[in-house]
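Based on the provided sequences and hints, a complete structural model is requested.
There are 2 protein chains.
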Amino acid sequence: MSGPRYLALSGGVGGAKLALGLTHAVPADQLCVVANTGDDFEHLGLTICPDIDTLTYTLAGLNNPETGWGRAGETGGFMAALEALGGETWFFLGDGDLATHVERSRRLAAGETLSAITDDFRQRLDIRAAIVPMSDRPVRTTVLTPDGPLAFQHYFVREQCRPRVTGFRFDGAEAAEPAPAFAEALADPDLAAIVICPSNPFISIDPILAVPGIRDALANSAAPVVAVSPIVGGRAIKGPTAKMMRELGLPGTAVAVARHYAGLIDGFVLDSGDAGMADAVRELGLGVTVTNTVMTSLEDRIALAEAVLAFAAGLRRDSMTGTLTASTGPARC
Amino acid sequence: MSGPRYLALSGGVGGAKLALGLTHAVPADQLCVVANTGDDFEHLGLTICPDIDTLTYTLAGLNNPETGWGRAGETGGFMAALEALGGETWFFLGDGDLATHVERSRRLAAGETLSAITDDFRQRLDIRAAIVPMSDRPVRTTVLTPDGPLAFQHYFVREQCRPRVTGFRFDGAEAAEPAPAFAEALADPDLAAIVICPSNPFISIDPILAVPGIRDALANSAAPVVAVSPIVGGRAIKGPTAKMMRELGLPGTAVAVARHYAGLIDGFVLDSGDAGMADAVRELGLGVTVTNTVMTSLEDRIALAEAVLAFAAGLRRDSMTGTLTASTGPARC
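Sequence order for the protein chains is V and A.
Residues in the first sequence are numbered consecutively from 570, following our numbering.
Residues in the second sequence are numbered consecutively from 570, following our numbering.
Keep in mind that the hints are not guaranteed to be accurate.
DEER-style ranges, computed between Cβ atoms [what the hints assert, rightly or not]:
(1) A:P596 <-> V:K807: 52 to 58 Å
(2) V:K807 <-> A:E868: 56 to 62 Å
(3) A:G655 <-> V:Q729: 34 to 40 Å
(4) A:A744 <-> V:E635: 50 to 56 Å
(5) A:A744 <-> V:W659: 36 to 42 Å
(6) A:W659 <-> V:E868: 27 to 33 Å
(7) A:E753 <-> V:D716: 42 to 48 Å
(8) A:F661 <-> V:P820: 38 to 44 Å
(9) A:P596 <-> V:E635: 48 to 54 Å
(10) A:T636 <-> V:K807: 40 to 46 Å
(11) V:E635 <-> A:F661: 26 to 32 Å
The set of hints was computed from the structure by calculation and includes no laboratory data.
Even for Gly, the Cβ is constructed at its ideal location relative to N, Cα and C.
Rendered as structure tokens:
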């Protein structure tokens with residue numbers, strides 16, 4: 570592979586939208602999308618990896634455009650029969666989706682790595698971009714609440730994010746190591762940009778950052794690191810990000826997200842509706858660009874991907890210190 | 570439970586037809602149907618029990634009437650998606666059927682017995698008759714061929730019964746023991762009849778007989794034991810029985826089946842088309858009845874069940890020796 574390479578860190582639905590845009594903005598085979606695996610879980614005896622699957626289905630064009638997760642045109646025969654047998658039905662598994670979980674679980678049990686299986690699936694589905702789990706070792710996000718810890722999917726799906734969040738734990742993270750292709754991408758001298766997708770910072774990106782070595786690798790990368798705000802006008806585009814921020818005592822704003830990433834990133838992408846926050850982000854020592862971050866159409870996804878990469882290209886890091894040189898500043902703001 | 574009880578030994582499709590008839594011929598909660606588990610197998614990481622499932626779906630009225638196995642109105646979303654991911658698709662698993670395998674596998678892994686799971690499923694599906702695996706320990710039928718041994722489903726489904734059969738092996742049988750409800754039914758003083766369903770003698774009934782203690786229990790039971798011929802006019806109603814018999818050097822006839830069971834059974838049920846074989850069966854020391862054994866409609870199933878039980882009721886065993894008294898003879902022939 571030659572030419573510049575691009576690395577994106579992503580959770581599920583929101584991140585996958587930008588990842589899809591990125592596959593159109595650069596040669597897709599130069600893009601590596603690293604998926605959060607903190608919300609993976611064992612359910613019905615199967616290993617389920619929601620973010621990997623959302624990315625895979627999205628990049629393959631198989632995703633359900635209404636939910637953002639799952640597959641389009643799914644049938645529910647499995648769930649209906651499972652309910653009749655008294656099985657657990659709080660986590661919906663479509664019939665086609667189930668093939669991913671069954672076949673992945675079978676291959677994991679046979680000793681293959683999650684990386685290898687994920688890579689084989691994406692090739693079989695004609696996806697040119699690499700999709701890489703953050704680690705081949707299990708990391709499991711636990712949500713801390715006043716009533717005790719909750720396994721992530723119990724919080725997220727079974728309890729519909731209702732419990733108040735007091736913090737998070739990423740079980741297994743200390744013993745994890747980056748998946749080989751993730752470590753390789755971070756070390757690639759041709760790496761042109763690292764993009765933190767507009768995913769939930771606490772439950773989609775922080776688990777990736779909790780893998781030993783990743784924070785240092787981002788902080789010291791010669792490539793610019795840019796994050797796209799998942800918060801627009803004080804609200805999360807999708808999911809519980811803003812609710813979590815309030816519960817954690819943080820303002821539910823894009824600036825608070827930028828502050829969360831300060832020290833790791835060089836630039837921050839604000840939505841046009843939050844243009845007034847650009848100075849506050851700049852005061853964190855970050856470059857800023859303002860653009861439309863709400864991705865409704867494929868054109869939106871591609872336009873945001875192009876804006877993010879152009880912004881990153883305008884941010885030059887001092888290759889010796891890994892810090893932004895003063896001369897570069899924000900590219901578009 | 571009071572009143573006479575009935576025990577049926579069954580494989581899949583053909584046996585399930587008669588089992589359904591039996592649930593209409595006697596109070597269903599007095600009937601215990603023991604399923605062959607020799608054709609169970611591990612596939613895609615799931616434990617699949619085809620004969621238990623065929624019995625369960627048939628007695629629940631959920632079965633596919635065209636195939637005899639599987640569920641009616643199934644969708645194939647799982648298989649289509651599995652194929653796209655490069656998974657093994659030679660064994661069809663419908664979307665609803667899959668719930669049985671996933672939930673059973675989960676519960677087995679959690680330490681429940683196959684008996685307990687099977688009993689819970691049948692209760693949830695409002696089946697009043699007991700469905701009992703022959704053993705809670707795995708027994709796996711291996712088909713011996715000139716090219717080496719084949720796991721049963723590889724022979725039966727993947728290879729479509731094409732290889733020539735030289736014999737069978739029931740791996741695990743020596744270490745198996747009858748499932749508790751099977752042993753209990755055999756020891757029940759109120760047991761009124763034991764019916765060997767018109768299933769394949771070699772791959773559906775012999776695995777059950779290979780469980781230690783079962784042959785002796787049948788031979789010594791105070792209740793009459795009757796078998797229904799799966800061969801009609803030299804042909805198996807379904808499946809490879811006749812082909813197997815030829816390959817094993819046996820005539821593909823009902824008499825040869827009766828001879829296979831001689832020593833264990835007291836009476837044999839011939840199809841009307843094979844009435845001419847009654848004397849040959851009688852020469853084996855067995856009672857004989859002749860009736861229509863081809864079950865097309867529900868009425869056929871019930872009529873055969875009633876004929877089989879009436880035949881059995883006419884066969885009296887000497888309670889001390891367990892052998893037929895000469896006075897009884899065939900009931901209807």
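Each hint tested on the structure:
1. A:P596 <-> V:K807: 52 to 58 Å: 57 Å, holds
2. V:K807 <-> A:E868: 56 to 62 Å: Distance hint for V:K807, A:E868 holds at roughly 58 Å.
3. A:G655 <-> V:Q729: 34 to 40 Å: 35 Å, holds
4. A:A744 <-> V:E635: 50 to 56 Å: 53 Å, holds
5. A:A744 <-> V:W659: 36 to 42 Å: Because 39 Å falls inside the window, the suggested range holds.
6. A:W659 <-> V:E868: 27 to 33 Å: 44 Å, violated
7. A:E753 <-> V:D716: 42 to 48 Å: 46 Å, holds
8. A:F661 <-> V:P820: 38 to 44 Å: Violated, at about 55 Å.
9. A:P596 <-> V:E635: 48 to 54 Å: 51 Å, holds
10. A:T636 <-> V:K807: 40 to 46 Å: 44 Å, holds
11. V:E635 <-> A:F661: 26 to 32 Å: 30 Å, holds
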